[in-house]
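Protein chains in written order, with the numbering used here: chain C, 1 to 411; chain H, 412 to 735; chain Z, 736 to 826.
One or more hints might be untrue.
To be verified - In silico lysine-lysine, BS3-like type, Cα no more than 27 Å apart, as pairs:
1) Lys-295(C) with Lys-355(C)
2) Lys-826(Z) with Lys-769(Z)
3) Lys-418(H) with Lys-777(Z)
4) Lys-777(Z) with Lys-422(H)
5) Lys-207(C) with Lys-753(Z)
6) Lys-423(H) with Lys-777(Z)
7) Lys-385(C) with Lys-355(C)
8) Lys-753(Z) with Lys-422(H)
9) Lys-503(H) with Lys-207(C)
10) Lys-207(C) with Lys-756(Z)
11) Lys-818(Z) with Lys-422(H)
12) Lys-422(H) with Lys-756(Z)
13) Lys-818(Z) with Lys-423(H)
14) Lys-423(H) with Lys-738(Z)
15) Lys-742(Z) with Lys-207(C)
16) Lys-690(H) with Lys-818(Z)
17) Lys-423(H) with Lys-769(Z)
18) Lys-818(Z) with Lys-697(H)
19) Lys-619(H) with Lys-725(H)
20) Lys-668(H) with Lys-732(H)
21) Lys-240(C) with Lys-826(Z)
22) Lys-742(Z) with Lys-321(C)
23) Lys-769(Z) with Lys-418(H)
24) Lys-753(Z) with Lys-423(H)
25) Lys-240(C) with Lys-738(Z)
26) Lys-753(Z) with Lys-240(C)
27) Lys-741(Z) with Lys-207(C)
28) Lys-707(H) with Lys-697(H)
29) Lys-502(H) with Lys-202(C)
30) Lys-502(H) with Lys-207(C)
31) Lys-756(Z) with Lys-418(H)
32) Lys-323(C) with Lys-385(C)
33) Lys-732(H) with Lys-684(H)
34) Lys-423(H) with Lys-774(Z)
35) Lys-207(C) with Lys-505(H)
36) Lys-422(H) with Lys-769(Z)
37) Lys-422(H) with Lys-774(Z)
38) Lys-423(H) with Lys-615(H)
39) Lys-712(H) with Lys-689(H)
It should be emphasised that the hints constitute simulated quantities derived from the structure, not laboratory data.
What follows is the residue order along each chain.
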Amino acid sequence: MYRDDSEKMNQKLLGLNGDEAAAYAIKQVNPEVVAAYPITPQTIIVERFSEYVANGLVDSEFVAVESEHSALSACVGASATGARAYTATAANGLALMWEILYIASGMRQPIIMSIANRALSGPLNIHNDHSDSMGARDSGWIQIYCENCQEVYDSHITAWRIAENINVQLPIMICFDGFTISHTMENVFTLNDEIVQNFIGKRVFPKITGHLGETDLRLNPTCPITMGAMDLQDYYFEHKVQQHEALLNSLEVIESVENEFSEITGREYGLIQSYMMEDADVALIGMGSVMGTTKYVVDQLRSNGIKVGLIKIRCYRPFPKEKLVKAISNCKVIGIIEKSLSFGSVGSPLYQDIKTVLYDYEKKPLIIGYVHGLGGRDTSPENLKQIFQDLLKIDNLTKKIGNQQYIGLRE
Amino acid sequence: MSELTLKNLSKKPDLICPGARLCSGCDETIIVRLVLKATRGPTIVTNATGCLEVATTSFPYTAWDLPWIHSAFENTAATASGIEAAIKAMKKRKEGPLSNFENIDVLAFAGDGGTYDIGFQALSGAIERGHDFTYILLDNEAYMNTGIQRSGATPFSASTTTSPAGKIFLGKTENKKPLDEIIIAHALPYFATINAAWPLDVIKKTRKGIDINGPTFLHAIVPCSRGWRFPPEKTIEISRLAVQTCIFPLYEVNNYKGKTTYELSSPSLSIAKRPETKKTVEEYLKQQGRFSHLFKPEINKEYLKQIQETVDLKWSILLDKCGI
Amino acid sequence: MSKLKKKSELEPGAIPFKSSKEYETGDWGITYPKIDYNKCTKCTLCHFFCPEGAINVREDGYTEVDYRYCKGCGICSHECPVKCIEMIVKK
Ligand code: SF4
Ligand code: SF4
Numbered sequence: 001m002y003r004d005d006s007e008k009m010n011q012k013l014l015g016l017n018g019d020e021a022a023a024y025a026i027k028q029v030n031p032e033v034v035a036a037y038p039i040t041p042q043t044i045i046v047e048r049f050s051e052y053v054a055n056g057l058v059d060s061e062f063v064a065v066e067s068e069h070s071a072l073s074a075c076v077g078a079s080a081t082g083a084r085a086y087t088a089t090a091a092n093g094l095a096l097m098w099e100i101l102y103i104a105s106g107m108r109q110p111i112i113m114s115i116a117n118r119a120l121s122g123p124l125n126i127h128n129d130h131s132d133s134m135g136a137r138d139s140g141w142i143q144i145y146c147e148n149c150q151e152v153y154d155s156h157i158t159a160w161r162i163a164e165n166i167n168v169q170l171p172i173m174i175c176f177d178g179f180t181i182s183h184t185m186e187n188v189f190t191l192n193d194e195i196v197q198n199f200i201g202k203r204v205f206p207k208i209t210g211h212l213g214e215t216d217l218r219l220n221p222t223c224p225i226t227m228g229a230m231d232l233q234d235y236y237f238e239h240k241v242q243q244h245e246a247l248l249n250s251l252e253v254i255e256s257v258e259n260e261f262s263e264i265t266g267r268e269y270g271l272i273q274s275y276m277m278e279d280a281d282v283a284l285i286g287m288g289s290v291m292g293t294t295k296y297v298v299d300q301l302r303s304n305g306i307k308v309g310l311i312k313i314r315c316y317r318p319f320p321k322e323k324l325v326k327a328i329s330n331c332k333v334i335g336i337i338e339k340s341l342s343f344g345s346v347g348s349p350l351y352q353d354i355k356t357v358l359y360d361y362e363k364k365p366l367i368i369g370y371v372h373g374l375g376g377r378d379t380s381p382e383n384l385k386q387i388f389q390d391l392l393k394i395d396n397l398t399k400k401i402g403n404q405q406y407i408g409l410r411e
Numbered sequence: 412m413s414e415l416t417l418k419n420l421s422k423k424p425d426l427i428c429p430g431a432r433l434c435s436g437c438d439e440t441i442i443v444r445l446v447l448k449a450t451r452g453p454t455i456v457t458n459a460t461g462c463l464e465v466a467t468t469s470f471p472y473t474a475w476d477l478p479w480i481h482s483a484f485e486n487t488a489a490t491a492s493g494i495e496a497a498i499k500a501m502k503k504r505k506e507g508p509l510s511n512f513e514n515i516d517v518l519a520f521a522g523d524g525g526t527y528d529i530g531f532q533a534l535s536g537a538i539e540r541g542h543d544f545t546y547i548l549l550d551n552e553a554y555m556n557t558g559i560q561r562s563g564a565t566p567f568s569a570s571t572t573t574s575p576a577g578k579i580f581l582g583k584t585e586n587k588k589p590l591d592e593i594i595i596a597h598a599l600p601y602f603a604t605i606n607a608a609w610p611l612d613v614i615k616k617t618r619k620g621i622d623i624n625g626p627t628f629l630h631a632i633v634p635c636s637r638g639w640r641f642p643p644e645k646t647i648e649i650s651r652l653a654v655q656t657c658i659f660p661l662y663e664v665n666n667y668k669g670k671t672t673y674e675l676s677s678p679s680l681s682i683a684k685r686p687e688t689k690k691t692v693e694e695y696l697k698q699q700g701r702f703s704h705l706f707k708p709e710i711n712k713e714y715l716k717q718i719q720e721t722v723d724l725k726w727s728i729l730l731d732k733c734g735i
Numbered sequence: 736m737s738k739l740k741k742k743s744e745l746e747p748g749a750i751p752f753k754s755s756k757e758y759e760t761g762d763w764g765i766t767y768p769k770i771d772y773n774k775c776t777k778c779t780l781c782h783f784f785c786p787e788g789a790i791n792v793r794e795d796g797y798t799e800v801d802y803r804y805c806k807g808c809g810i811c812s813h814e815c816p817v818k819c820i821e822m823i824v825k826k
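In isolation and in its complexed conformation, chain C is listed as follows (with noise of 0.2 Å):
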């Protein structure tokens, strides 16, 4: 992970958990306006950042709003006022947020929030899945989901350059699994603020022609502009297509900022994370906290030399297409493993995505969905391996094929 041990030596090692490694990347970015409002898992982040406001280790404004809802339109009003803004949410909470994430996109803010994933009620369920933060695929925002509590602190400093970049300028949803991060105590290697805030440096805007003229894209009594406007049949096609470009835009930025940010801290991510694919015969592919649990099991697998790979989705949308393709390419077998449910559906969203994707390409890797964890269901090393020796089975099993399999359900 580390060039060298002054890569190391330069940065502080804390324990944190998942919230708190957020509030504290948080803390150091000290955006002008957090708005945000509390729920499991996500408290620890609400908390530590308003103690940081009490002690004066921060200056942003921390406005304790009364629902989610309104937390994101807080943001919108900040964001669009020139303020850097963020906000953090989980489950219900971001259900309650719908509208506004598509107004926060639509409205091109480069908002960031954490999400500590977690079950949709209902039935009510406060532990991990990605049935949240999944609904929100199409909203328009970018999603990083990350497998630890480095991550989410790495991720909490990359983000505003990825967000804020001119060809961007759309907000960010940093995904982690409830507890099983957020909760979860581990060694947390940080920057110092200086380093931090020159990584950032100060947020940019595009330049506009509104009405009154040439100006940036802001509000800002020197030159008025009107935001939020009424947009029918002759241009809200035109903004939505623009929306999805910038959308697409940001796989070259998310990747030109990480690369960036691996020159000050040694650690690098990229969109998509393949461990052991270069001769694997079969990899599962998935993202979040399982993708450790599934790295273990695949050292063990090649341990006993048994060709196995993985390969992490990092950034979810916009969807890493051809990273994707390249990764998987001498892979004969895949499994797709997800903490989501997209009721009715041929599969669940992942599945979708890649099965789409490889329409296109004439080596065609036969593919298994798996649905796993839900609602917080533990998702064990044996399970894992279990699906490694079926799908190297798989020519026996292909009578399976095509039906969504369910780990660890007791049907």
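Based on these hints, arrange chains H and Z with the ligands on the given structure of chain C.
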């Protein structure tokens, strides 16, 4: 800034331009023009979804010559919170172009649907948090932009498309929500009712609202010729009648160091002093098509009596609060 | 109808680039107001009551209707304290 007189203000250029697509005779832009005449300098406006928003910002056109943002229907006060927090943070840090202004005032416009109903929670939260902004409620007593559906602000017996006057139910069966009392109960520093028939009163109260630190609230009655069904030239006349009948009294509430004081504004104060000048509710109701079922085929004496009694009671309670 | 901008010509954020002043509503109405300057007292009330902002106050203190925007609602005529604004039916 020169003194607030009609003569001086008539020279102040409008910050909302002509060319908006509201119905002919709409009271909303009268109020908005007056409110914007009261601005004291750099101002940012946020606007709820509704007639005013759609009719003034039909892309690629806009009528607003000040920074303006619409985000959604129910979140105007939350959006204002974010704007205000951003200004505060930037000024504190002395960073960015906005920190150069000594003051930037924040105004929020929303209709009755966006205030009494769907935006109520966000508004209550923003007032409780004490953000420095002025909220202007444009109350035309129904969801006009979607086609005259009843809201929490629709008065008793008014016929709307979702409380139609039929054979069994004669318009809305419930009373108007006592929003003023609820807002005042938040102990915010300043609350006032405003009415376009008294332009200088609107401007002076708005200026007061802007000058005072913290959340301030202006409740404007906004007759709607389409929804209330009267000819457009009568907009101001009907608006005036709302005050003359004491259906919509003009008053101010100041809250200073925990002490709440009510004060009648001069149009209502003169009625308090000379009760014989108070007009009957009938004079107001009979001019409006939304109440025509109370007069045709025959006069519904029972309903008129009930409405009059409600108005009288509320008026006497207000007089009490004003110490009259 | 002017040519609509293409996607590539539009800037991010859907920010209006024209003032509503370019959208003249003067043809909406069927009547228009005419001020009798012999009777006008320069009270300027019509300026404050016009929903369109279509009544401006001149240097000499008299008000003047901007017919490019007047929607003919009749409020100015109805409210003029000396009744010196007449609504005239358009031909
Ligand atoms: S309201 Fe009548 S008197 Fe007053 S300025 Fe207008 S035209 Fe003149
Ligand atoms: S008729 Fe209506 S729109 Fe025309 S000038 Fe008079 S008040 Fe304004």
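Here is what the structure says about each hint:
Restraint check for Lys-295(C) and Lys-355(C): the C-alpha separation of about 23 Å stays at or below 27 Å, so the hint holds. Simply put, Lys-826(Z) and Lys-769(Z) have alpha-carbon atoms about 14 Å apart, close enough for the 27 Å limit, and the pair holds. Taking the CA atoms of Lys-418(H) and Lys-777(Z), the gap is about 9 Å. The hint holds against a cut of 27 Å. Taken as a hint, the Lys-777(Z) and Lys-422(H) pair is honoured in the structure, with Cα atoms around 13 Å apart against an allowance of 27 Å.
Taking the CA atoms of Lys-207(C) and Lys-753(Z), the gap is near 16 Å; set against the 27 Å cutoff, the hint holds. Annotation: proposed proximity of Lys-423(H) to Lys-777(Z) holds, straight-line Cα distance about 16 Å (limit 27 Å). For a cut-off of 27 Å, the pair hint linking Lys-385(C) to Lys-355(C) stands: about 23 Å separates their Cα positions. A threshold of 27 Å between alpha carbons decides the hint, and for Lys-753(Z) with Lys-422(H) the separation of about 24 Å falls inside it, so the pair holds.
Restraint check for Lys-503(H) and Lys-207(C): satisfied, since their Cα atoms lie roughly 25 Å apart, inside the 27 Å limit. Of the pairs offered as hints, the one joining Lys-207(C) and Lys-756(Z) holds, with about 23 Å between alpha carbons and a cut-off of 27 Å not exceeded. Proximity of Lys-818(Z) to Lys-422(H) is assessed by CA-CA distance (about 23 Å); at most 27 Å being required, the pair is judged to hold. Pair hint Lys-422(H) plus Lys-756(Z) holds up; C-alpha atoms about 19 Å apart against a cutoff of 27 Å.
The straight-line distance between the Cα atoms of Lys-818(Z) and Lys-423(H) is roughly 25 Å, inside the 27 Å bound, and the hint therefore holds. For the hint linking Lys-423(H) to Lys-738(Z), the alpha-carbon distance of about 35 Å lies beyond 27 Å, and the restraint is violated. Of the pairs offered as hints, the one joining Lys-742(Z) and Lys-207(C) holds, with about 16 Å between alpha carbons and a cut-off of 27 Å not exceeded. A distance of roughly 24 Å separates the Cα atoms of Lys-690(H) and Lys-818(Z); the hinted pair therefore holds under the 27 Å criterion.
Annotation: proposed proximity of Lys-423(H) to Lys-769(Z) holds, straight-line Cα distance about 23 Å (limit 27 Å). Our distance criterion of 27 Å between C-alpha atoms is met by Lys-818(Z) and Lys-697(H), whose separation comes to about 24 Å. Distance restraint check for Lys-619(H) and Lys-725(H): the Cα-Cα separation of roughly 26 Å lies within the 27 Å cut-off, and the hinted pair is therefore satisfied. Only pairs whose Cα atoms come within 27 Å are accepted, and Lys-668(H) paired with Lys-732(H) is accepted, the gap being roughly 18 Å.
For the hint linking Lys-240(C) to Lys-826(Z), the alpha-carbon distance of about 45 Å lies beyond 27 Å, and the restraint is violated. For the proposed pair Lys-742(Z) and Lys-321(C), the alpha carbon gap of about 24 Å is at most 27 Å, so the pair holds. A distance of roughly 22 Å separates the Cα atoms of Lys-769(Z) and Lys-418(H); the hinted pair therefore holds under the 27 Å criterion. Between Lys-753(Z) and Lys-423(H), the direct Cα distance comes to roughly 22 Å. Compliance with the 27 Å bound is thereby established for this hinted pair.
Of the supplied pair hints, the one linking Lys-240(C) and Lys-738(Z) holds, its CA atoms being roughly 20 Å apart against a limit of 27 Å. With a C-alpha separation of about 20 Å, the suggested pair Lys-753(Z) and Lys-240(C) falls inside the 27 Å cut-off, and the hint holds. For the hint pairing Lys-741(Z) with Lys-207(C), the CA-to-CA distance comes to about 18 Å; that is within 27 Å, so the pair holds. Proximity of Lys-707(H) to Lys-697(H) is assessed by CA-CA distance (about 10 Å); at most 27 Å being required, the pair is judged to hold.
For the suggested pair Lys-502(H) and Lys-202(C), the alpha carbons sit about 16 Å apart, so the restraint of at most 27 Å is met. For the proposed pair Lys-502(H) and Lys-207(C), the alpha carbon gap of about 23 Å is at most 27 Å, so the pair holds. Between the alpha carbons of Lys-756(Z) and Lys-418(H) the distance comes to roughly 25 Å, so the proposed pair stays at or under 27 Å and holds. A distance of roughly 26 Å separates the Cα atoms of Lys-323(C) and Lys-385(C); the hinted pair therefore holds under the 27 Å criterion.
Of the pairs offered as hints, the one joining Lys-732(H) and Lys-684(H) holds, with about 15 Å between alpha carbons and a cut-off of 27 Å not exceeded. Only pairs whose Cα atoms come within 27 Å are accepted, and Lys-423(H) paired with Lys-774(Z) is accepted, the gap being roughly 25 Å. A C-alpha spacing of about 22 Å is found between Lys-207(C) and Lys-505(H), which places the hinted pair at or below 27 Å, so the restraint holds. Our distance criterion of 27 Å between C-alpha atoms is met by Lys-422(H) and Lys-769(Z), whose separation comes to about 21 Å.
Using a Cα cut-off of 27 Å, the hinted pair Lys-422(H) and Lys-774(Z) holds, with the two alpha carbons roughly 21 Å apart. In summary, the hint linking Lys-423(H) to Lys-615(H) is supported, as the alpha carbons are separated by about 15 Å, within the 27 Å threshold. As the CA atoms of Lys-712(H) and Lys-689(H) are separated by approximately 19 Å, the hinted pair is consistent with the 27 Å bound.
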